[in-house]
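*Asks:* Given the sequences, and given the hints that come with them, work out the whole structure.
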Amino acid sequence: MSDADRPAGVAERPTPDRETVDRPPTLVSAAIAVGAALLAAGFTGAHTGVAGQIGVAGVALVGYGLFAGEYRWIDYGTVALVCSVVVVGAVGAGPRVTVPAALCAVLAWDTGGYAVRLGRELGRESETARAELVHAGLTLAVGTTAVLVAAGGYLLVTGAAPTLAVLLLFCGALALLLAVSERPEDGRRRLRP
Amino acid sequence: MAGDVSTGAGNSTGAGNSTGASDATDAGDSTGVADAGPPDADRGWPASWVDPVAGGVVERERTLGRAPDGAAAAGEGRRDGAVVDDYRTGHWRGVSAVAFFVCGFGLVLRQPGLVVAGVLGVVYAGYAGSARPPRTTDGEGESVLELRREVDDSTPNPGEEVGVRTTVVNAGTDPLTDVRMVDGVPEGMDVVEGSPRLATALRAGEAATVEYRVAVPRGDHEWGPAHVVVADPSASVERETTVGTATSVRAVPPALSTDELPLQDLTTPYTGRIPTEAGGDGVEFHATREYRPGDPLRRIDWYRRAKTGELGTLEFREERAGTVVVLVDARKASYLAPAPGARHAVARSVDAALQSFDTLLDTGDRAGIAVFGRGGAWLPPGAGDDHHARGRELLTTHPAVSAVPPEEGAYEGLLPDRRATLRGERIDQVAGRLPDDAQVIVFSPCCDDYVARTVRRLDAYGHAVTLVSPDPTTDRGPGERLARLERRDRLAALRRAGIRVLDWPDGEAFATTLERARARWSG
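Heads up: the sequence lines are chains A and B, in that order.
In case it helps, our numbering puts the first sequence at residues 455 to 647.
In case it helps, our numbering puts the second sequence at residues 848 to 1370.
Rather than coming from a laboratory, the hints here were simulated on the basis of the structure.
We put the CB at the ideal spot given by N, CA and C, even for glycine.
Just to be clear, a hint being listed does not mean it is correct.
Each pair of labels, with its calculated beta carbon distance range [unchecked claim]:
{"id": "1", "chain 1": "B", "residue 1": "Glu-1069", "chain 2": "A", "residue 2": "Ala-514", "range": "48 to 56 Å"}
{"id": "2", "chain 1": "A", "residue 1": "Arg-578", "chain 2": "B", "residue 2": "Asp-1353", "range": "17 to 25 Å"}
{"id": "3", "chain 1": "B", "residue 1": "Leu-956", "chain 2": "A", "residue 2": "Gly-489", "range": "23 to 31 Å"}
{"id": "4", "chain 1": "A", "residue 1": "Gly-489", "chain 2": "B", "residue 2": "Asp-1353", "range": "23 to 31 Å"}
{"id": "5", "chain 1": "A", "residue 1": "Gly-489", "chain 2": "B", "residue 2": "Thr-1359", "range": "37 to 45 Å"}
{"id": "6", "chain 1": "B", "residue 1": "Asp-1000", "chain 2": "A", "residue 2": "Gly-591", "range": "35 to 43 Å"}
{"id": "7", "chain 1": "A", "residue 1": "Gly-503", "chain 2": "B", "residue 2": "Pro-1022", "range": "42 to 50 Å"}
{"id": "8", "chain 1": "B", "residue 1": "Arg-1328", "chain 2": "A", "residue 2": "Ala-514", "range": "53 to 61 Å"}
{"id": "9", "chain 1": "B", "residue 1": "Pro-1022", "chain 2": "A", "residue 2": "Ala-514", "range": "20 to 28 Å"}
{"id": "10", "chain 1": "B", "residue 1": "Glu-1058", "chain 2": "A", "residue 2": "Gly-489", "range": "29 to 37 Å"}
{"id": "11", "chain 1": "A", "residue 1": "Val-504", "chain 2": "B", "residue 2": "Thr-1092", "range": "56 to 64 Å"}
{"id": "12", "chain 1": "B", "residue 1": "Glu-1058", "chain 2": "A", "residue 2": "Gly-591", "range": "48 to 56 Å"}
*Replies:* In structure tokens, the structure reads:
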């Protein structure tokens, strides 16, 4: 499938496959993704310089992924953004830095992937703005709610026993994770109707 | 750029089929439903989502998208809103792993900031993991989505642009946060403005509209059901379905204005419009003769009676009707166009034939239709409204005059001898069906010898033959120039043999060419 497999000298014929892959991502989601990635890099960069540099690399990768219309590079960029969050967290930044940064990183990943998806399915010239805005808004709303609940609980408990609170949170997270993890039913990830 | 397919440029259908075949194997084993059959070649609708604009196949990466179409060939049977496929998109895949990593890291380092950030990831994993496909049917199995489609003009002229408004309505009680729709634009139609695709969110009772313009080629066209994908708010589960509404347009070339079609002198005994050498009833003065008992009183030459006292009778030039068979050459070898994407000779031939057929019937002549290619078609000469409708139907929608060239020639794959015999028999078959007094108007680009042979044979059988030849040749390269010279030579030879030949240049209206020829032939 890759270009390298093609024997030298064979003329490149545009196939429908290439045509669809070449369809660029939709603009609204792409803009939101880049903006969110920049914000994430900004949050971490404001705290620690190194994290900011990793974050900027993440922004660049997300941007390239959106330019090329490939999920892969958006994934890499998000990993870089998460790394920058981990770095600031590791050097002691509190939830006030890590949580907004993580939220922005997730938003960048989600809207970036959505932009590529809609671009491939419908193309850039179609009217897609409303679906994109609703999608990004819902993602943001879910994240904000989660942050508010988590931060509230955290602040309530921190006063007394911070270590216990952290442990509780972690156990809760693990339990939730196990509860919702996807069970591949037939290796094809199909849903039962 | 009317969207007709020129030789060798069958981009959309051909390419779509080839990829469709590979997709079918991929999708087939995942579903176990008998949808992986060979794509219906006639409809050119492969087993995957064909985009009506780009003509490409929309790739369902990370999903198991089963083609919405499988059944699109038999699409009428499926109910609106019925689930074609549900699938996970994998949109949030990996978020739980990252959440776990961040949480664990935070725990090891005893950093609450990281743990809380990890919890955020877990919440998103829950958001995606708990997603269920939105319902597209209500309790009674009625579709939640409804489609309305309006077409500006349902009977445009061929090649004309028509505006289409397609509205999708959420008639259910729940909001749909992610509705993606691709309208089922008919095959062979080009979207020239706007886009038939849409992604939107619809509250209960809300509607969204796409507007686009299509160039309509000749023939009957029917919109297929719109392909709709509804996704849950997190976009991690999608449900694919179709929603249809009957919409069709019919593009038929307009008739030439009456009397424009010059016919030769071979006529029927019926009164019509072709002036003959015979005297009788009519308008134009022809001769006078001796009075015979029974001659009508109003045709008595009263001047002569006054001058000489003898009775004489005026004779007028009789006008009679002709029987004309319109023969369209739609063999594979005639699907020739001056450039890829330009109108090919068969499309021009068929349009002109249709105009001629209309005109002939309007002027009281009897007209029939014969087609060469793809098994052929035959409508015996006749008159009347029923006949008119049948003829129009044939030339508009019969598969033998399709705007898309056949996959292979009628006698391809046979031994040369056998082919020659069959081709000869085909001419005799048409000749045998023609009434003795029928004139023939042949529409052919005349880029091989077969039609020239046909024309000579028909001429030899005593039919008056007119050859209308749409010119598909160019002078862009030496090969093209040679083909052009050969064609001219062929036409000149036919003219020398006394056959009327109308060379119809590309880009000129048929009526214009006809007018020029009429001036020449009337002399």
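*Asks:* 42 to 50 Å was suggested as the range; check whether the CB atoms of Gly-503 of chain A and Pro-1022 of chain B agree with it.
*Replies:* 45 Å, holds
*Asks:* Is the hinted range of 48 to 56 Å satisfied by the C-beta distance from Glu-1058 of chain B to Gly-591 of chain A?
*Replies:* Distance hint for Glu-1058 of chain B, Gly-591 of chain A is violated at roughly 26 Å.
*Asks:* Go ahead and decide if the range 17 to 25 Å is satisfied by the Cβ distance of Arg-578 of chain A to Asp-1353 of chain B.
*Replies:* 36 Å Cβ-Cβ, so the 17 to 25 Å window is violated.
*Asks:* Could you check the hint for me, namely that Glu-1069 of chain B and Ala-514 of chain A are 48 to 56 Å apart, CB to CB?
*Replies:* Cβ of Glu-1069 of chain B to Cβ of Ala-514 of chain A: about 49 Å, so the range 48 to 56 Å holds.
*Asks:* For the hint 20 to 28 Å, verify it against the beta carbon of Pro-1022 of chain B and that of Ala-514 of chain A.
*Replies:* Once the Cβ atoms are compared, 37 Å apart, the range 20 to 28 Å for Ala-514 of chain A and Pro-1022 of chain B is violated.
*Asks:* Take a look at whether the Cβ-Cβ distance between Leu-956 of chain B and Gly-489 of chain A falls inside 23 to 31 Å.
*Replies:* 30 Å, holds
*Asks:* At the C-beta level, are Asp-1000 of chain B and Gly-591 of chain A separated by a distance inside 35 to 43 Å?
*Replies:* 40 Å, holds
*Asks:* Do the Cβ positions of Val-504 of chain A and Thr-1092 of chain B conform to the proposed distance bound of 56 to 64 Å?
*Replies:* Check passed, 59 Å falls within 56 to 64 Å.
*Asks:* Is 29 to 37 Å respected by the C-beta to C-beta distance linking Glu-1058 of chain B and Gly-489 of chain A?
*Replies:* 30 Å, holds
*Asks:* Go ahead and decide if the range 53 to 61 Å is satisfied by the Cβ distance of Arg-1328 of chain B to Ala-514 of chain A.
*Replies:* 55 Å, holds
*Asks:* Between Gly-489 of chain A and Asp-1353 of chain B, does the C-beta distance stay in 23 to 31 Å?
*Replies:* At 53 Å between Cβs, range violated.
*Asks:* Honestly, do Gly-489 of chain A and Thr-1359 of chain B meet the 37 to 45 Å range at C-beta?
*Replies:* 59 Å, violated
In this structure, the earlier hints numbered 2, 4, 5, 9, 12 are contradicted, and the remaining ones agree with it.
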